[in-house]
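S.K.: Model the full structure from these sequences, guided by the hints.
There are 2 protein chains.
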Amino acid sequence: MSPNPYNIGLDRTPANHQPLTPLGFLERAASVFPAHVAIVHGGLRRSYADFYSRARQLASALAGQGMGRGDTVSVMLANTPAMLECHYGVPMCGAVLHSINTRLDAGTIAFQLDHAMAKIVITDREFAPLMAEALALAKVTPLVIQYDDPEYSGPGAMAGAEDYDAFVASGDPDFAWLMPEDEWDAISINYTSGTTGDPKGVVSHHRGAYLLAQGNALTTSMAKHSVYLWTLPMFHCNGWCFPWTLSAIIGTHVCLRQVRAAPIWRALAEEGVTHLCGAPIVMSLIESAPEDEKRHLDRRVQFFTAAAPPPETLLASMDAAGFDVTHLYGLTETYGPAVVNEWHGDWSALPGAEQARLKARQGVRYLPLENLTVLDPDTMKPVPADGETIGEVMFRGNVVMKGYFRNPEATQKALADGWFHSGDLGVLHPDGYIQLKDRSKDIIISGGENISSIEVEEALYRHPAVAVAAVVAMPHATWGETPCAFVELNYGQVTDEITLHNWCREHLASYKVPRKFVFEAIPRTSTGKIQKYVLRQRASELSV
Amino acid sequence: MSPNPYNIGLDRTPANHQPLTPLGFLERAASVFPAHVAIVHGGLRRSYADFYSRARQLASALAGQGMGRGDTVSVMLANTPAMLECHYGVPMCGAVLHSINTRLDAGTIAFQLDHAMAKIVITDREFAPLMAEALALAKVTPLVIQYDDPEYSGPGAMAGAEDYDAFVASGDPDFAWLMPEDEWDAISINYTSGTTGDPKGVVSHHRGAYLLAQGNALTTSMAKHSVYLWTLPMFHCNGWCFPWTLSAIIGTHVCLRQVRAAPIWRALAEEGVTHLCGAPIVMSLIESAPEDEKRHLDRRVQFFTAAAPPPETLLASMDAAGFDVTHLYGLTETYGPAVVNEWHGDWSALPGAEQARLKARQGVRYLPLENLTVLDPDTMKPVPADGETIGEVMFRGNVVMKGYFRNPEATQKALADGWFHSGDLGVLHPDGYIQLKDRSKDIIISGGENISSIEVEEALYRHPAVAVAAVVAMPHATWGETPCAFVELNYGQVTDEITLHNWCREHLASYKVPRKFVFEAIPRTSTGKIQKYVLRQRASELSV
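Residue numbers (our numbering), protein chains in the order written: chain A, 142 to 685; chain B, 142 to 685.
Just so you know, these hints were derived from the structure itself, not from any lab.
Backbone N, C-alpha and C fix where the C-beta goes; we use that ideal spot for every residue, glycine too.
Just so you know, not all the hints are guaranteed correct.
To be verified - No more than 30 Å apart at the CA atoms, straight line, and that leaves these computed lysine-lysine pairs for BS3-like:
1) 554/B <-> 365/A
2) 522/A <-> 435/A
3) 500/A <-> 365/B
4) 500/B <-> 365/A
Unchecked claim - Here are the in silico distance ranges between beta carbons for each label pair:
5) 463/A <-> 437/B: 56 to 62 Å
6) 407/A <-> 489/B: 52 to 58 Å
7) 144/B <-> 281/A: 15 to 21 Å
M.R.: What follows is the structure in C-alpha cells.
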C-alpha cells in the first residue's frame with residue numbers, strides 16, 4: 142500500500158496545533174469584553190479584566206512559592222470569587238487543582254491531602270478549624286493560605302496562615318501563564334466519596350475540561366452573556382466544568398456561599414439569572430420557599446438537575462414557577478454531566494405523569510462524549526434495548542477521566558476493554574435513552590427476584606406527600622431481603638404507613654412493595670448523596 | 142527534577158481518548174432525534190435517520206469502489222442534499238472530500254482533479270458538460286457519478302456516468318463507517334482561487350473541522366434546532382463547516398440551488414429559517430427584492446456576513462427587515478470564519494454610522510482559534526494597537542489548516558515562525574479588534590503615500606447610490622499610481638462622477654480621492670471575490 146499522501150509534509154506545527162485548554166477562554170473573555178461583569182458576590186461586581194488579572198496574580202504568586210507542573214494545590218472554599226480564581230490561577234502556573242468537599246470529616250481530608258501530596262492549601266476562614274484538624278492528622282505540611290470572604294462574618298481562623306488577598310496581591314498581573322505542555326496534562330483532581338474503601342483521586346485533563354466546558358453550553362443552548370447562579374458546589378467535579386463554560390460564553394457568575402431559598406430568589410429576580418444547577422433537593426428548596434421570599438420572574442430560567450430523577454409534582458410546580466428543568470447525569474470520572482435527557486418538543490404536550498416518566502430517564506450522550514451504552518459487564522455485550530434488561534452503564538470518549546491518581550490497578554479496572562465502567566446499573570430503552578436502575582449494591586434480591594430500589598423510590602416520589610424516598614434491602618427470614626422505605630415528607634404534608642403501602646400496591650408489583658416505611662431524617666454524604674449503607678444498617682436493626 | 146506524578150500510569154486508552162471528528166455529530170443526531178427534519182429541499186423533507194442512513198450507504202458504496210484512507214473524492218454539486226451527504230459519506234469511508242467551485246473554468250477544474258489525484262467524481266447534472274470538458278483536459282480518469290437533482294430541470298448530462306441515487310442505493314445503510322485513525326487525518330481539501338499562480342489545495346483535518354463546527358454554534362449562540370438556509374455555497378470552505386455544525390445542534394438544513402430573492406424570502410417565511418450566511422451582495426439581494434417578494438418575519442433572523450464589511454445603509458435596512466447582521470472573517474486556510482466581530486450590547490445605542498464603523502472591523506478570534514494578531518511580517522513583532530499601523534494578519538491555533546497538499550514549500554512558508562501568514566493586511570485597534578486594510582497587492586502607492594483601497598471603498602459605500610465599489614491603482618505620470626474607482630449603483634439610483642468626487646473629497650484626504658470613476662459591471666471570481674487584477678488591467682487601459 143502506498144503511503145497516505147495527505148500525511149506527507151503536513152505535520153503538526155505551533156501554527157496549526159495548540160493544546161486544548163479552558164484557560165484560554167478567560168484570556169479571550171478578558172480581552173474582548175474586559176468590562177463585562179464576570180463575578181457577582183454580595184456587593185462585589187468584578188469585571189473580566191479584573192478576574193483575569195487576579196487569576197494571573199494568583200498563578201504568579203503560586204509560581205513564586207515553587208508551584209509548577211505536577212504540583213498539587215488543595216483548596217477548601219465555598220462558592221466564592223476565590224474558588225473561581227483558583228480554577229484558572231492554579232492550572233495557570235502548571236499546578237493541579239484539588240478541590241476539597243467542605244462537608245468531609247478531618248480524617249478524610251487528611252487522607253486526601255496526603256494522597257494528593259498537597260504543597261499548598263487555600264482554605265476559607267469558615268473551614269479553617271476543620272482544615273487545622275485535618276492538617277494535624279496529615280503527614281504533608283503544606284503552606285496554608287486563608288481566604289477571608291467579606292460575605293462571611295462567622296467564626297473561624299487559623300493561626301499563622303497567609304492572607305489570600307495579600308498573597309494574590311503579591312503576584313504579577315501580567316504573569317506569562319503556562320499553557321499545558323500537552324492537552325493530556327492534568328488540570329484537576331477530585332476525590333470520589335466512595336461508599337467503601339479509600340477515596341479515589343479522579344484526575345482530569347485540559348482536553349476533557351475544554352470539551353466538557355463547551356459541551357455544557359452546546360448541549361444546553363447557553364447563549365452569550367448567560368447569568369449562572371452557583372447553587373451547585375464548585376468542589377463537586379469542578380462545578381461540572383461550569384467555571385470554565387461561563388468564560389467561553391462570556392457569562393456572569395453569581396456566587397452563593399449557602400444554598401438558601403431567600404438569596405436564591407433574590408439572585409433570580411435581581412441579577413437576571415438564566416441558569417442554575419442542583420439536585421432535586423435544590424428545586425424543593427426553591428419551590429417550597431415561603432411565599433414572601435418568592436419573586437416573580439420575567440423570563441424562563443433553566444435548571445439542570447442531576448443525582449436523582451426529578452419527581453412529577455416537583456416538575457409541575459417548577460414549571461409553574463418559571464423553570465425549565467433538564468435532567469443531566471454523570472460522574473466525577475466524566476467531568477460532571479456527560480449524559481443529557483434531550484427533550485423532544487412534542488413530549489411537552491403529553492400528560493404530566495408521562496412527561497415525568499420520560500424526564501426520569503438519564504438520557505443520551507453529551508456531544509463531547511463519543512459513546513454511551515449499557516453492557517453486560519461479564520460478556521461486554523450490549524443489553525437488549527428493551528427498557529428492562531439491567532446492565533452496567535459504560536462511557537467512552539474524550540470526557541472520561543485520565544485515571545485514578547497513584548492507583549494504576551483501579552485505573553486499569555475502571556478503563557478496561559475500551560470502556561469506563563461506571564458501576565451504575567441501568568437499562569437501555571428502545572429509543573436509545575439510558576435509565577439508571579441502581580448501583581450494584583442497591584439491588585434488593587427478594588425471593589430470587591431482583592428489585593430495583595430506584596423503581597420503588599420512583600413510585601414513592603409520585604405520591605404528593607413524599608419529599609425524599611430511599612429504599613434499601615431489609616433482611617427477611619423467608620425472602621432473604623425485602624424493601625424497606627425511608628421517607629421524608631413535604632412541608633405541611635402528612636401521611637402514614639398504610640397510605641403509602643396502599644399507594645405502592647397500586648403502582649408496583651406486590652413483591653416490590655416495601656414491608657416497612659420509616660419516617661425520619663435520611664442521612665446524606667457531604668455531596669448530598671443518600672448514605673444507603675447507613676440505611677441498610679438501620680433497616681437491619683429494624684428487622685430484628 | 143522528579144517526574145510529574147500526574148503522568149504516571151495515566152496514559153490515553155480507547156476508553157478516554159478518541160479522535161475528534163464531526164462525523165459523530167450526525168450519528169448522535171440520528172440516534173437521538175431520528176425523526177427530526179435534517180434536510181429540506183423543495184418538497185423533500187429528510188429525517189436525521191434517513192440522512193445518516195444515506196451517508197452510510199454512500200460511504201459503503203464508495204468503499205465498494207475501493208475508496209479508503211487518503212483517496213480523493215471530488216464533487217461538483219450545488220447546495221443540495223447530495224452535497225450534504227458527501228460531507229459525511231466521503232470521510233466515513235476514510236476518503237477526503239474535494240469540493241469544486243462550480244463557477245470555475247474547465248482548465249482550472251482539470252488542474253484540481255489532477256493535483257488532488259481524484260479517483261471518483263460526483264457531479265450535478267447541470268455541471269456535467271463542464272465536468273466532461275474538464276475531464277477531457279485532465280490526466281486522471283476517475284469514475285464519474287452524476288446526481289440528477291429533482292429540483293433541476295435544465296439541460297446537461299454526461300454519457301456513461303453512473304446514477305448517484307442508484308450508487309447510494311447499492312450501499313449498506315448499516316455500514317460500519319471508519320473513524321479517523323487520528324484526528325489529524327485529512328477530512329477535506331479545498332483549492333484556493335489564488336489571483337496568481339496555480340491554485341493551492343488547502344487540507345483540513347478532522348480535529349479542526351470538529352472544533353470550528355462547534356465554534357460556529359458557540360460563537361454565534363446557535364440554539365438547538367436552529368434552521369439554516371444555504372445561501373452560502375457549500376463548495377466554499379465546506380460551507381464554513383456549517384454542514385457539520387447543524388448536526389451538532391440538531392438543526393435543519395434548507396437547501397437552495399440558486400441564490401435568488403424570491404426563494405430566499407419564501408424559505409425565511411415558510412421554513413422558519415433562523416440563520417443564514419453570505420457576502421454583503423446576498424444582503425443586497427434580500428433587501429432590494431421587489432416588495433411583493435418580501436415577506437413579514439415573526440422573528441429576528443441571524444445573518445453572518447463575510448468577504449467585505451457591511452455598508453451602513455445595508456445594515457440599517459437589514460435591521461428594519463428583521464435581520465441581526467454579524468460580521469465574520471476567515472480564509473479557506475482557517476476552515477472558513479475564525480474571526481468574529483463580537484458585538485457589545487451598548488454599541489447598539491450608538492448612531493448608525495458609528496455602529497457601521499464598529500461593525501466594519503473583522504474583530505477578534507473565534508473561541509477555537511488560540512491566537513490572532515497583526516504582526517510586521519519582516520520582524521514578526523506586533524504592530525502598535527493604534528488602529529493605523531498596517532501589518533499582516535496572522536493566525537495560530539487548532540482551526541488552521543494542516544497545510545497545502547503536495548506543496549511543502551508553500552506549507553512551510555505559510556506556517557513559518559509559529560503563525561499562519563494570511564497575506565491579508567490589517568491594523569490592530571486599541572480594543573484588540575483587527576480590521577483588514579488590504580491585500581498586499583491592493584495597496585495603492587501615490588506619491589510615496591500608501592492608500593488603502595478598502596478605505597476609499599468604504600467611503601464610497603457610505604454614499605446611498607453605491608451598491609458595490611472597487612478601487613484599484615491606476616498608473617499616473619506624476620504620482621506613480623492614483624486610485625481608480627469602479628462603481629455599481631443600487632437599483633433605481635443615479636449619480637455621476639462629479640457627485641462621487643465631491644463625496645470623496647468630503648470624506649477622505651484629498652490624495653486618496655479617485656482620479657477616475659467608472660460605472661460598469663465589476664468582474665468577480667467564481668467565489669464572488671472582486672477580480673482586482675482585471676480591474677487593474679482595465680484601469681491601466683483607461684489611464685492611457
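S.K.: Among the hints numbered above, which are violated by the structure, and what are their numbers in rising order?
M.R.: Structure breaks hints 1, 2, 5 and 6.
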